[in-house]
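J.: These protein sequences, in sequence, are chains A and B. One point on numbering: in my numbering, the residue at position 112 of the first sequence is 112, and numbering is uninterrupted. Position in the second sequence (first residue = 1) + 349 = my numbering.
It is possible that part of the hints are untrue.
[To be verified] Listed next, the in silico SDA-like pairs over lysine to any residue satisfying Cα-Cα at most 20 Å (straight line):
1. K150(A) with L44(A)
2. K368(B) with R343(A)
3. K507(B) with S287(A)
4. K150(A) with V224(A)
[To be verified] Restraint ranges, calculated between C-beta atoms of paired labels, are given here:
5. L204(A) with A674(B): 51 to 61 Å
6. H649(B) with L189(A): 46 to 56 Å
7. L204(A) with V455(B): 55 to 65 Å
8. G226(A) with D505(B): 29 to 39 Å
9. A674(B) with I237(A): 55 to 65 Å
10. L188(A) with P644(B): 41 to 51 Å
By construction, these hints were calculated from the structure, which means they are not laboratory data. Only a predicted model underlies this, so the values are computations on that prediction, with no experimental measurement involved. Every residue gets a Cβ at the ideal spot worked out from N, C-alpha and C, and that includes glycine.
The primary structure of each chain is shown beneath.
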Amino acid sequence: MNAFLGFILKEFRHILRDRRTLAILFGLPIVQLLLFGYAIRNELTSAEIAVWDQARTAESRAAIARLEAGGYFRVMGRVDSETQVDHLFRRGVVRQVVVFPTDGPRVHLITDGSDPNMARLLQRYTMGVLSDVEPGKDVRTTYLYNPGLKSANLFVPGLMAVILMLVSTLMTSISLTREKETGTLETLLASPLAPAQIIWGKVLPYLLVSFVNVGTVLVIARAVFGVPFNGSVALFIFVSLLYAFTALALGMLISTVARTQQTAMMLSLGGLLLPTILLSGFIYPISNMPDILQAISHVIPARWYMVANRAILLKGAGLADIGREVLILAGMTALFLTVSIRRFPIRLD
Amino acid sequence: MRILRFILVKEFTQIFRDKAMLPILFVLPVVQLLVLSHAAVFEVNGLRIAVWDQDRTEESRRLEQAFRANTYFEVVEGVQNEAAANRYLREGRVNAVVMIPRGSGVVHVRIDAVDGYTAGIADAYIRQVVASVWPPAIGPDTRIVSGRFRFNPELDDKRNMVPAILVLLITMLGAFLSAMNIVREREIGTMDQLDVTPITRAHFILGKLIPFWLIGLGMFGIGLTVAWAVFGIVSAGPLPVLFGTAALYLLSVLGLGLWVSSVSDTQHQAMLVAWFLLVVFILMSGLFTPVSSMPEWARHIAQLNPVKWYIDLVRRVMLAGAGWADVLPSVGVLAVFAVAWNSLAWWSMRR
Chain A
1 MNAFLGFILK EFRHILRDRR TLAILFGLPI VQLLLFGYAI RNELTSAEIA
51 VWDQARTAES RAAIARLEAG GYFRVMGRVD SETQVDHLFR RGVVRQVVVF
101 PTDGPRVHLI TDGSDPNMAR LLQRYTMGVL SDVEPGKDVR TTYLYNPGLK
151 SANLFVPGLM AVILMLVSTL MTSISLTREK ETGTLETLLA SPLAPAQIIW
201 GKVLPYLLVS FVNVGTVLVI ARAVFGVPFN GSVALFIFVS LLYAFTALAL
251 GMLISTVART QQTAMMLSLG GLLLPTILLS GFIYPISNMP DILQAISHVI
301 PARWYMVANR AILLKGAGLA DIGREVLILA GMTALFLTVS IRRFPIRLD
Chain B
350 MRILRFILVK EFTQIFRDKA MLPILFVLPV VQLLVLSHAA VFEVNGLRIA
400 VWDQDRTEES RRLEQAFRAN TYFEVVEGVQ NEAAANRYLR EGRVNAVVMI
450 PRGSGVVHVR IDAVDGYTAG IADAYIRQVV ASVWPPAIGP DTRIVSGRFR
500 FNPELDDKRN MVPAILVLLI TMLGAFLSAM NIVREREIGT MDQLDVTPIT
550 RAHFILGKLI PFWLIGLGMF GIGLTVAWAV FGIVSAGPLP VLFGTAALYL
600 LSVLGLGLWV SSVSDTQHQA MLVAWFLLVV FILMSGLFTP VSSMPEWARH
650 IAQLNPVKWY IDLVRRVMLA GAGWADVLPS VGVLAVFAVA WNSLAWWSMR
700 R
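Could you put the whole structure together from the sequences, leaning on the hints where they help?
T.: Shown next as structure tokens:
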């Protein structure tokens with residue numbers, strides 16, 4: 001036990017000694033959350049459009065003024081032929097052309113469909129600004145849990161999941177591979193420490209680093225972005241730490257499999273980055289995906305954490321409401337740790 | 350020249366010696382391209398709603414029937430009071446509750462907005478259904494807005510996602526490989542050995558760049574083949590433009606990676622910094638949320654993002670059929686990135 005404690009202390013000192021890496025570990029999540037929290041939003045503002053005014057009536061001029069006034073669009077110029085429209089689209093100058101034909105009060109939109117998400121937003125907003133026929137005028141809508149449909153409330157919890165996952169996995173994924181590469185693993189194997197103790201000794205100090213990161217992202221989400229906090233703070237910290245633990249264990253697993261730091265990095269970054277962003281429900285709703293992708297998304301830890309943290313923050317859920325997510329994260333952690341201990345290289349090759 | 354050949358042979362041997370590396374370089378990206386391209390589905394289907402009809406008139410029953418007949422919705426039974434409505438929403442059993450109060454001619458809708466995107470779509474669909482049953486009055490002066498989509502009339506998300514994900518994959522491949530490389534030589538001490546050989550700095554950098562550059566271009570070709578064979582996506586614009594710009598783009602990404610590598614003390618640091626840059630590049634590339642929607646300062650930062658420029662360029666070539674003349678300004682920007690980052694790498698390697 002004394003050897004184990006000594007090992008943890010040594011690992012801890014290793015982390016603290018490398019000031020530059022430590023600063024990066026603490027600093028990056030803060031910078032990223034601040035940057036993305038502001039930059040990632042799906043409301044339309046100042047989108048580049050052009051107008052094609054064939055009618056040239058007071059009516060059409062008023063409509064163009066309305067487009068310019070809303071703040072949603074930036075009118076980059078005027079066109080008067082189909083070839084000009086094509087030219088502008090191909091050069092990426094504008095995303096949509098609003099056509100006012102000569103016959104009557106109609107308006108026609110030609111939208112660049114090569115970015116479908118943007119195209120849908122553009123037409124929806126333009127119709128909202130120009131159309132007199134609003135479908136379903138008799139509908140009164142209340143949005144529960146996120147009344148203003150604020151982008152920050154939608155994306156900040158998701159960002160926490162993506163950032164915590166990646167930064168935690170990166171911490172541990174090269175811990176053993178580094179010892180393999182620099183040759184110190186030999187010394188470690190000759191010590192009286194059991195594989196399980198080595199694995200735990202590598203993971204535990206980083207859990208403390210993760211604790212600091214959980215704290216900072218929480219403070220930023222609350223103080224800077226005003227994300228509502230309807231649930232219990234203790235529960236949120238508990239679930240976030242559990243999730244960071246899952247990520248650390250996954251990193252550990254990668255480091256027992258990979259032979260070089262480069263392989264470990266390609267696995268933990270090249271293999272995790274896009275799935276965590278795309279299959280966790282952070283941007284694209286999981287319920288829309290084809291069945292097979294929904295099935296695959298079950299193995300993405302971020303998916304479960306995101307459900308839990310949105311529920312705690314926005315819905316004020318308690319432990320009973322998110323029991324399933326907590327159990328799954330705990331199960332994943334146990335699985336990753338067990339496999340790491342089993343696969344631990346007792347012999348050098 | 351002879352020296353460069355030796356270095357290239359050595360670098361290639363080193364890359365492919367690690368048996369785990371080959372599948373990581375070529376299989377992992379292809380699998381991700383195949384799987385992740387399906388993830389971006391903004392079309393919302395199977396919205397679960399409950400209809401709570403308090404009115405119970407001919408009118409309200411017609412509305413309820415319209416919801417049942419609509420394929421976007423799946424009507425869930427059992428919400429006939431306030432408590433049930435709240436419970437179903439909180440437990441996520443329904444996305445929305447549509448309530449038709451007695452005799453008011455108005456529909457009240459409560460939507461679970463934890464997922465704000467789905468919530469907005471649900472609202473729009475519900476309004477459409479209501480409008481189809483209770484059509485709004487149209488006079489002779491009512492302005493009607495209609496629209497069509499160019500280059501991708503069906504708004505097929507895959508035609509956008511497949512090229513974009515391919516760009517992300519070759520970016521990650523190039524940036525991570527190059528970022529880990531020089532610092533690795535330093536960490537395991539082989540850098541000192543190189544110092545005493547006749548290898549010059551130019552040889553050294555070229556020896557590092559060329560293998561990764563070829564691997565990246567190879568991956569780009571494989572990806573375009575997969576896009577054509579599996580997804581049936583063929584570029585509307587000329588292929589030489591795609592490959593020519595890919596070569597330039599990879600050069601800039603590799604230069605950035607080498608720069609990160611040459612200023613880092615350890616592979617761990619290089620990895621963290623490369624990760625930071627890549628996540629910033631990817632999330633601010635305009636692929637997921639529009640660049641024009643960012644606050645102004647963030648839009649300026651996005652101008653320094655090579656991924657943003659290149660995804661936009663590839664999208665315009667592959668979908669809108671743009672040629673050299675159309676993409677020239679973007680090519681200029683990529684060239685500036687390539688020169689700047691490779692010079693920085695060159696300069697900081699002196700130490």
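J.: Indicate, hint by hint, whether the structure satisfies it.
T.: Hint check:
Taking the CA atoms of K150(A) and L44(A), the gap is about 13 Å. The hint holds against a cut of 20 Å. A distance of roughly 18 Å separates the Cα atoms of K368(B) and R343(A); the hinted pair therefore holds under the 20 Å criterion. For the hint pairing K507(B) with S287(A), the CA-to-CA distance comes to about 17 Å; that is within 20 Å, so the pair holds. Taken as a hint, the K150(A) and V224(A) pair is honoured in the structure, with Cα atoms around 14 Å apart against an allowance of 20 Å.
Against the hinted window of 51 to 61 Å, the Cβ-Cβ separation of L204(A) and A674(B) comes to about 60 Å, which satisfies the hint. A hinted range of 46 to 56 Å for the beta carbons of H649(B) and L189(A) is consistent with their spacing of about 52 Å. For the pair L204(A) and V455(B), the supplied restraint of 55 to 65 Å holds, since their beta-carbon distance comes to about 59 Å. A hinted range of 29 to 39 Å for the beta carbons of G226(A) and D505(B) is consistent with their spacing of about 37 Å.
Between A674(B) and I237(A), the C-beta spacing of about 56 Å keeps the proposed range 55 to 65 Å intact. In this structure the hint that L188(A) and P644(B) lie 41 to 51 Å apart at CB holds, the actual value being about 49 Å.
Figure legend: structure checked against the earlier numbered hints; every hint is met.
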